[in-house]
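Since the structure of chain A is provided, determine the placement of chain B on it from the hints.
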Amino acid sequence: MAGRSQKKGTSGAVRNYITRTRAVKKLQISLPDFRRLCIFKGIYPREPRNKKKVSKGSTAATTFYYTKDIQYLLHEPLLAKFREHKAVAKKIGRALGRGESGDAARLEKTLMPTIRLDHIIKERYPTFVDALRDLDDALSMLFLFAHLPSSQHMPAKTIALCQRLTREFEHYVITSHALRKSFLSIKGIYYQATVQGQDILWLVPYRFVQRTGGDIDFRIMGTFVEFYTTLLGFVNYRLYTSLGLVYPPKFNAQSDAQGGELAAFQLQAKANATDGETNGHREHPPINPDAQAIADRVGAMPDVDVDGDGDGDGEKDATAVAAIPAEDDQDEPTDEIDKFEPTAPDADVLPQPQASSAEVASLFAPFTMYLSRETPRASLEFILKAFGCKRVGWDGILGDGAFTTNESDPAITHQIIDRPALSNRAPAQDVAETESGDAAAPTVQWPYSTMPGRTYVQPQWVWDCINQSKLLPPHLYAPGAELPPHLSPWVKPSKGEYDPNLPLEAQQPDGEAEAFEDDGDEEDAAFHADRGEDMHAIVDREGSVEVGEGMHVADDDEDEEDEDVDDSDDANAVPAAEEFDGFDSDAESDVSEGEAARRQHQRELEAEATGKKLEIAKPTKKEQNAAIRKKFDKKRREEEEERERQKMMLSNKKRKLLKRIEYGENKRDTESEQLRRKRARLEKARAAAEAV
Amino acid sequence: MSVNPRKRKVVTRPAPEPSDSEGELADGLLEGILSHSEDEAADDSDADASSVIEGLSDEEQGDDDEDSDEEHIREEMQNLNTSDSSLRETKGISTHDMDMGTGADGDLDEDEHLKPNYTVTTDAHGNTRYLYREIDPVYDSDDSDVEATNTIGNIDLKYYDEYPHIGYDINGKKIMRPAKGEALDALLDSIDIPKGWTGLTDPQTGKPLNLSEEELDVLKRLTRNEVVEDGYDPYPDMVAYFSGKQEVMPLSAAPEPKRRFVPSKHESKRVMKIVKAIREGRIQPYRPPGEQDEEQDAFNFDVWADEKPRPDNTMHIPAPKLPPPGYEASYHPPPEYLPDKAEEQAWLDADEEDREKEFLPKNYDALRKVPGYETFVKERFERSLDLYLAPRIRRNRLNIDPESLLPKLPNPEDLKPFPTTCAALFRGQEGRVRCVSIDPQGIFVASGGDDGYIRIWELLTGRQVWNAKLSDEEAVDAVQWRPTKDASIVAAAAGEHVYLIVPFTLLSPDVEQASREVLDAGWGYAASKPSTTTNGEAPKQAPGKWSRPGTLLENKGVLVQIEVRSAVKIVNWHRRGDYFATVSPRGQSTAVAIHTVSKHLTQLPFRRLKGIAQTAQFHPSKAIFFVATRNTIRSYDLAKQELVKILQPGAKWISSIDVHPGGDNLIVGTYDKRLLWHDLDLSNKPYKTLRFHKEAIRAVRFHPAGLPLFADASDDGSLQIFHGNVVGDLMQNATIVPLKVLRGHKINSRLGVMHLDWHPREPWCVSAGADGTLRLWC
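Residue numbers (our numbering), protein chains in the order written: chain A, 502 to 1193; chain B, 512 to 1289.
In short, the hints are calculated from the structure, not lab data.
All C-beta atoms, glycine included, are put in the ideal place defined by N, C-alpha and C.
Incorrect hints may appear among the rest.
Quick list of in silico lysine-lysine cross-link-like pairs, BS3-like style, CA-CA up to 30 Å [stated by the list, open to error]:
hint : chain 1 : residue 1 : chain 2 : residue 2
1    : A       : K569      : A       : K526
2    : B       : K1199     : A       : K1131
3    : B       : K832      : A       : K1160
4    : A       : K554      : A       : K1148
5    : B       : K1196     : A       : K1154
6    : A       : K1148     : B       : K919
7    : A       : K993      : B       : K1151
8    : A       : K1168     : B       : K919
9    : B       : K1151     : A       : K1160
10   : B       : K819      : A       : K771
11   : B       : K873      : A       : K1168
12   : A       : K1160     : B       : K873
13   : B       : K787      : A       : K1157
14   : B       : K927      : A       : K569
15   : B       : K1257     : A       : K1131
16   : B       : K889      : A       : K1148
17   : A       : K1155     : A       : K996
18   : A       : K682      : A       : K971
19   : B       : K1257     : A       : K1148
20   : A       : K1168     : B       : K819
21   : B       : K873      : A       : K993
22   : B       : K1257     : A       : K1132
23   : B       : K1163     : A       : K1154
24   : B       : K919      : A       : K1132
25   : B       : K927      : A       : K1136
26   : B       : K1184     : B       : K1196
27   : A       : K1168     : B       : K868
28   : A       : K1135     : B       : K927
29   : A       : K682      : B       : K889
30   : B       : K1196     : B       : K1151
31   : B       : K1199     : A       : K1155
32   : B       : K919      : A       : K1154
33   : B       : K819      : A       : K1135
34   : A       : K1157     : B       : K1196
Listed next, the stretches of chain B that the computed footprint assigns to chain A, with coverage defined by at least 3 CB atoms under 8 Å from CB atoms of chain A [said to hold, decoys possible]:
hint : stretch
35   : 631–645
36   : 809–819
37   : 887–897
38   : 951–959
39   : 1146–1154
Next comes chain A alone, as it looks inside the complex (with noise of 0.2 Å):
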């Protein structure tokens, strides 16, 4: 009873799989309309695992989905639209061949059916918390879109929905305090809140001209977007209403026209809203809006004197804290986390929250600042507003929205900088002085004067305030200083890995110092020109390392002393070893420390016998050196040895396995052997900088 013979591709793997070509069969529709519906819902391609068995024995690069995505995509009602869209297109088409413009603009506005997704938005995040997972890329597109000029592509109705989306997501982040870190990095502004336990990490590029080179296809980043604002609409949606905010937030556009940016959104909070809402349409009395943000701020601001004397700034910035609203004020005991600290040395520690969040909250709470015009505005206000702090001054030019664009303001208490300090002051500052002159106020401009109690500081110090989540030393970060490198947050060091943060000594193997010292004489002439303005950068972060901790080499110099005598003889005794050539280097080292040692005896006997003492010569810095990394060196080396001869045991399978593993391992290993190799460098010509 032989079964019926198959027919092939009717069963298995080649029903999982559709290619691309029959799938936008199956659904009747163009390529481009594929590419969006499947942007739109979501659907990737798949490699299949059996690649042969798919394609019916074609091996030719194919893209192949899931059959059964492709199949419920057959019921999307955007499959509908695209057809909708489609025929009245055709109508259009029809319409302004035969010149009727008029025609056509009907059919376009009345016929033209708009594409909604918000039941994909709800298809593809069943849940809020699946939305906020994705809303990483989404933000990254849509900060980049609010900083593009509008095109062909992009409609400049898409880019303000942009802008204005981006900036209500901005003010969530701000009065809910989601903002836990940030990043100046060379690509753009990386910041990463934290929204209902979500880590959120978008990027924002810097405020220039972006290049839109000739390969980039914007109609894929146009529907992209398209998805993206919608999502990122109805995440703002629930973000505000979960605060108790009215969404949308009411704009100004005016204040929007005038570069006001944040300060164009104005939050309101739902009870009033509802009330207006049962009105029906409210009518709002026409103000002027430059009178409404004035009587916001001061709103805003119950305590601080306008009027700009300033006498009182500790009480103010004491009243400026109790000012701060009511969310910070769980100060019961019993909320906060005890500190575990471990009492034998040896166990594990465990990570723990630092700072709580309203105390991260209220970092620059205190402050009033003031930016310069210089430094880049959009984020410091949202950086230091997402910290706490509400008086946020800037540069008139700098756009609307400012606490104060009056530098000689003397509420402020830190000012940002981002401006060289001058050579020569004195003759500037007469002319300042003389400019000065004729105002009511004294205008403070620095860098001809300082006002005093005022801090001065560059942008850096927000970042690292932030990411430390502590205030740092401003000093360091003194307009014109050098400043500290700038860390990435997000770096966690793993073992073995190298680590800026640590003293370049706690986390080298050992000998490996050694070694370094000496390939860094050979190359130290070569590298002092290379490298001298480099190694001025170098500034010790304070705080993050422990200064007194010595080098491995001087904590044990006592057993040190005997070994290095020992070791100092080695050196003559290698010659005497040469003539077993070809020796295995450990046996000649085992050879040599014997001999040694039975030199060292016999000169010790000697001495014994002639009632001398027995001088001790001491070994030069370089011998030392030798010995400390031979020693390591031969201990490695049977390490190695002994690792060797486990794997010669190994089955075939379990090595190769091993190889991979150990590829991974040793690029690694030797990344952050460069790393270290270069920082003892740097160290090394600084040390000899310092000494000169």
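Chain B in isolation, oriented as in the chain A frame:
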């Protein structure tokens, strides 16, 4: 064609030429003005002739020209006939150069090609004048379609107002003024045309056909497709025959129906329908769709109002997040993260796809100096491509501690003793050392090498105590001490000779005596007891010829020489020391020979051997003999004379074998870098295959006296020492542990360690290297 005869007439005039040339030569004046040669003069005369012809044949030129041409001809005729003095004049007048090569011969033609296209003469005022030759329109250039344009140049015509010509052509002929239209018009005006004249003839009358004005008008209309009739209006005003105008007297007297006075029920129904729809909101008044409110309405509800978590679907793979930036991405990174020049160059040179990082770390000492990132949009675009185009695969990260993979081996300290270091180096051999053997007492080491010497060394000191040159051209390939302690005999093989040696200078007299007795016992045995085979087949050559090697060697201690048929490579003793086996891979049937010392007898145990024999060995306890060919190892029972077992190590080329002293295990070294352990009880396939050498394995050897050690020697210059413990329990397999790699021998022309041997008691071994040294490892 009428030209030709005249031309010929003119040209063929050889008579006056010589006189011309002579005259020219004679005339000094001419020489000064015209630096022309004899030929040139001839040419000139020819040219004159042709110009005449041309002038005559030119049809376009006017009468004046013709006249002048005729004059020229006349003049020239005179010149030709008259004396030389008139030649100058001719030159001045003649305007044409010769270009028709009709009368000239080939040489002349060629010369002409080389000459410039003009000749220099003087004009009437005595200035130089360039006379251009006419271009010959040869067959390949057709200028018939060239328009005849004015050739008078850019000269205002008003200068010629009072002349009949308007300029000159290239030949200097006058171009006559063309006839003007005025003359024609005047002529036409003078002719009178009768009224209605058409120029046609009436076919009926045969008289000229004249048409009247009316007739002409009709014709004109017909040609214009108009109605011929006069006063016809194609678009008359509409006359309203039927109108809505109420007549005074209606056609019907019927009264107006009632329905004309009551409101329509049907209409009210329809209106009510609409009213209802409006009330219900089904119909809404038209409002132009505002764009503003549309947007505002977009996000006005909570999509996640009733959220329900979806169960995890294994098929769904969420898009991986981009990794957060590292230290090197900082605008002001620690200086050690900055690339140096070489790294930077390498990054720049690399292809964009091959770069490990997509950016080059850079340091800016202030935030204001940070420029925009060039490929920001591109990176974002690539990310979006990845999101919708890249297939996603779930990869299991290997989170295995590599240490856990490595097997737990017994501590090498527990496996001690084994050789670890080189204790002594034996120098003095020239060329490669091919074989080495330690005597059963463990005092001496015998070695043989390429220099044809057999040398004996003291094991502990490395001092050479005895040597003998066995062969001048052959290398000593095998050396083996007889394994018994009562006598001290070395068997050595060089070429086709096997020597049995008693190095008596090293021995105590009684041992020496015993050794000599062992060897001498067999003398004459063959003669006294001739083998049975000789009876039947009388002249058959014995496989081995036992003899004395000669006094020189005998004085050294080399007592017996055995000559076999082909070069011996391997010598192995039986444990009792009465037999030894030699293997000479070249000799097919005589490859393996067993020699009996007590009888001075050589036997060939195999009539025919499958494959090429590589090595042979006696079983340490039983009467079993192992023969290794290239691929297989066969064991024969010597007593029953039958094949016991065929082992198949799966090797391509076996180099050496050794049998464990217990007799149940066997190790095989191969030239294809493998070391194989055979358990004879288990299978004919290897129990373990070890591949730790990078080059061929030349020798393998078990420790002879019960220490669980074995070693192999390889061409990569190293020895590997293994722990190989064989337990008596049949249920337990042998444990093999690699112990030590001993390096020290130098590789010499791709040969490293040639041979090795163990000390009979101690965990020491001696290796023979291709670098000409022996090494003692302990």
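Earlier hints that do not hold, by number | Violated hints (numbers, rising): 2, 4, 7, 9, 12, 13, 14, 16, 20, 33, 35, 38, 39; every other hint is consistent with the structure.
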